[in-house]
Amino acid sequence: DAKTTQPPSMDCAEGRAANLPCNHSTISGNEYVYWYRQIHSQGPQYIIHGLKNNETNEMASLIITEDRKSSTLILPHATLRDTAVYYCIAHPTGTASKLTFGTGTRLQVTL
Amino acid sequence: SAVISQKPSRDICQRGTSLTIQCQVDSQVTMMFWYRQQPGQSLTLIATANQGSEATYESGFVIDKFPISRPNLTFSTLTVSNMSPEDSSIYLCSAADPDRYTFGSGTRLTVV
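Residue numbers (this note's numbering), protein chains in the order written: chain A, 1 to 111; chain B, 1 to 112.
Hints may be right or wrong, so weigh each one.
Cut-off 30 Å, straight-line C-alpha distance, at most; resulting in silico cross-link-like pairs (DSSO-like, lysine-lysine) [unchecked claim]:
#1 A:K69 / A:K98
#2 B:K7 / A:K98
#3 B:K65 / A:K3
#4 B:K65 / A:K98
For the record, the hints were derived by calculation from the structure and aren't laboratory data.
All chains should be built: construct the whole structure from the sequences, respecting the hints.
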């Protein structure tokens, strides 16, 4: 997996959009950008993934730059339950190979 | 996506003993993995559990300390052997679906 870089922590007010950045300047052509989150004392939870087009699902939106060297995960209306560590991972899909976690971003949503 | 049941959810063990953690997936999956998460740290891959053959261990992890079984496509176990306080961590199993990974809720192990 290509190395990713994320800020160690971020704060967001409840109800506002949380925008979590990720740099992956060495990403390969066959690697997707995956986002997972880990709420305290739970296993990581899949959020979203994409290759080069922007993606949206019921949890979040993923914006990938045209050069694919960075991306942003957007939680449109953050709630207290979104407080977690968010991991951005560059990983080839369809190969079922091991997933490598970096240090992630600790998002704190406050009232 | 697959659903994983992992047990026990937590345990307190005496040093020198062993603990076996079980991971059951509700569907057949090709790949299963075991991770360790030390307090305040990210997840570190211990090994890939291969069905019908020996597990593939990452650097720093050995079979004698962390024996793994994978008897079929829905089940795996991880044993933490001859435990010491340094083994106190959360242990998680994971299963690979074609395009995403599912994780168990973890086993919080405390060695005293």
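query = Any hints this thing doesn't respect? Which numbers, in order?
reply = Violated hints: none at all, because every hint is consistent with the structure.
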